[in-house]
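Use these hints to put chain X onto chain U, whose structure you have.
Given next are the chains, with one letter for each unit.
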Amino acid sequence: MKKILACLMTGVMAFSLVACSTTPPATGGTDAAGGQAAEGSAEAGGATDGAAADSAAAAGDTIRIGVFEPSTGDSASGGKKETLGMQFANSETPTVEVGGKTYNVELVMADNGSSADKAPSAASELVGKNVSLVLGSYGSGVSMAGGPKFEEAGLAAIGVTCTNPNVTAGNDYYFRICFLDNFQADVLANFAMEKFSAKKAYCLGENGNEYDQGLVAFFTQVFEGAGGEVISDSFPTNNSDFTSYLNKAKSEGVDVIFTPVSIAYAKQIMEQAASLGIDIPFLGSDTLDDNMVLEATKDTNLQLYVSTFYQEGGSETFDKGIKDYINNNSDAMTANGGNDTISAVTAMGYDAYYVALEAIKAAGSGDKAAIKAAIPSVKWDGVSGSIAFNEVGDAVRDTAYIKTADTANGTWAFEKVQSGSGK
Amino acid sequence: MEYIISVLLSGVSVGGQYALIAIGYTLVYGILRLINFAHGDVFMVAGLMGIYLAAVLPITLSLPLVIILTVLLGFAIERVAYKPLREAPRMSVMISAIGVSYLLQNTATYVTGGQPMTYPTIPFLSGTVDVAGTQTKWVVIITPILVLALVFALTQLINRTKVGMAMRAVSKDFETSRLMGIKINSVISVTFIIGSALAGIGSILFFTNYPAITPMSGAMPGLKAFVAAVFGGIGSIPGAVIGAFIIGIAETIIKGLPSSWDVSVFSDAFTFALLIIILVFKPQGLFGEAATDKV
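Chains as they are written, first to last, in our numbering: chain U, 1 to 423; chain X, 1001 to 1295.
Just chain U, same shape as in the assembly (with noise of 0.2 Å):
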């Protein structure tokens, strides 16, 4: 048994060592890493391809900007629907024109895996490709975990979607154009106990997960202040059984559920839900305006809100456009979850790629430094809103967009725009 022990042991380290090494040579085939790349490149090359045609701009003024995106892991689906926004607007907008010359837009792209150990080599990659600025990413987490990486290296950085208060403080280089976490759960908090007279709640989110703890933290905070009692609980990574979260909260009698997880649980959550037969309210944070969470609601009876930054029909000719998109491109209808349901994280992506055209126009050249300098003052009427920076580097937001889930239909229902306690 002694053996079991070492083999154990051995099994661990082997571990490690093989996520570096090759394959041996047995199992041959496609090197999946490779793989990887290759999508990588290839992605990065029909962004290029747009670029390149348009012919007003000379070959070689091109100007770089890093898309710092999970196209694996957990949030894979979130991160390809940001980057198929900024994807779009290259499309619609390849160059920009800075002291009279115009220069190529090119999308660089680096995949941080949707976790923090990768993020790091994402963010010193796209450091080494000599981008001018960066956007992203999707998940606070690895934007957290990749904001050094540009720190150091003098390159600034724009969050899309990533609400934790801590991916813009102490870090100079990050800026973000949402809302933030504690303005979103205090949005939430409002809405439940404005729409449902909420009096007990109950938060489920994943352990170690800043995004969600963080979420949980804040809501639990205001909607104790308000007087209402929380519940809550953390699953562990890799979770597949809810019902026992759920059926705890059924039995707890709560009146509202706040899931603030990321797509792929969601997606767990309310199909187990769907099957226990829930009837309480599910309010959900911006992960969750996902049409893959959205089917999961279909022809059942949950009800489900959610707050985020854009509700299609906000702006016609941007819903025209991107649908024109992604039913023209395979790959976007694939990137996009095999519909033309337009997500709120691909309307911000849209936004992003502006205002860093704005602050590359405003630094008059693609200079890491000039255009971290241009940022704070940059403006940008955004199709999801006005989008200003504070000092602290983070958009001024005042409301968010509540929507609920059409069961019937598989839609999603503007709700209201629901602002904060305000404080």
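Be careful, since some hints might not be right.
[To be verified] The following label-pair restraints were derived from C-beta to C-beta distances:
| hint | chain 1 | residue 1 | chain 2 | residue 2 | range |
| --- | --- | --- | --- | --- | --- |
| 1 | X | Ala1153 | U | Ala408 | 41 to 47 Å |
| 2 | X | Ala1076 | U | Gly338 | 28 to 34 Å |
| 3 | U | Met333 | X | Ala1153 | 32 to 38 Å |
Note that these hints are calculated values from the structure, not bench results. A quick note: this is a predicted structure, and the numbers were derived from the prediction, not measured. Here a beta-carbon is modelled for each residue, glycine too, at the ideal position from N, C-alpha and C.
Coordinates of chain X only, in the frame set by chain U:
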């Protein structure tokens, strides 16, 4: 009361699914003394095959096909990655198994693009049923019954048939049974075929219940099933099944404890703490044979 029943139901069904994977681990270990780390990923791939096949074929055809293809996959993995290393040190085979595991995960990431995929709804199994006031899916009720039936069939196979006798002989003494004329390679193949078929059936039950599949979906159930197999005594089939049910039920009970106690987050930690405790105090597991040193 309603709540206790619902927690127990979840526990029994989670346990049943771990059991189907754990049998695969324990069978292969019994014969080859190899911990087949790729087994959890075979289970995940079976789930993905279910999705892709159900998209083009009717469900009555695609489900048997999933099991057949999973069997072929398990068979092929053994032939390609383990058989050439039969004479090599055991560690090489284990590393090869880990390699296969990574290969399957990364291929799945490549194919699915890393997005969670939705398992198709299977008529009847996905339907809901009321048990003592708690609503649940039929699959939750059927899983433990099916597991017990399969385990019964499997023990009959091992104890009553010629192949079973050969399997027992090989697990007792590899070299001698080869000298006695047992075709080692076909016995090993049969073992992988049985293990993979159970993983295929397990994937249908598991993903009907928890319908989102990511490339990492096999890793955690696989690891826990492995712990279950060690807990029950690796090499012993009833041990693996009982170990799996104990772990499944304990895990859901821990998750279901009142939140104010702040322990629900330790449900995974419990499983792995159990592994350490069992290895320290009863390394042969609940039903494993004590290793005897032959002089």
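Each hint, compared with the structure:
With their beta carbons about 45 Å apart, alanine 1153 of chain X and alanine 408 of chain U fall inside the hinted range of 41 to 47 Å. Alanine 1076 of chain X and glycine 338 of chain U have their C-beta atoms about 30 Å apart, which keeps the hinted 28 to 34 Å range intact. Range check, methionine 333 of chain U to alanine 1153 of chain X: Cβ separation about 45 Å, and the 32 to 38 Å hint is violated.
Violated hint: 3 only; the structure is consistent with all others.
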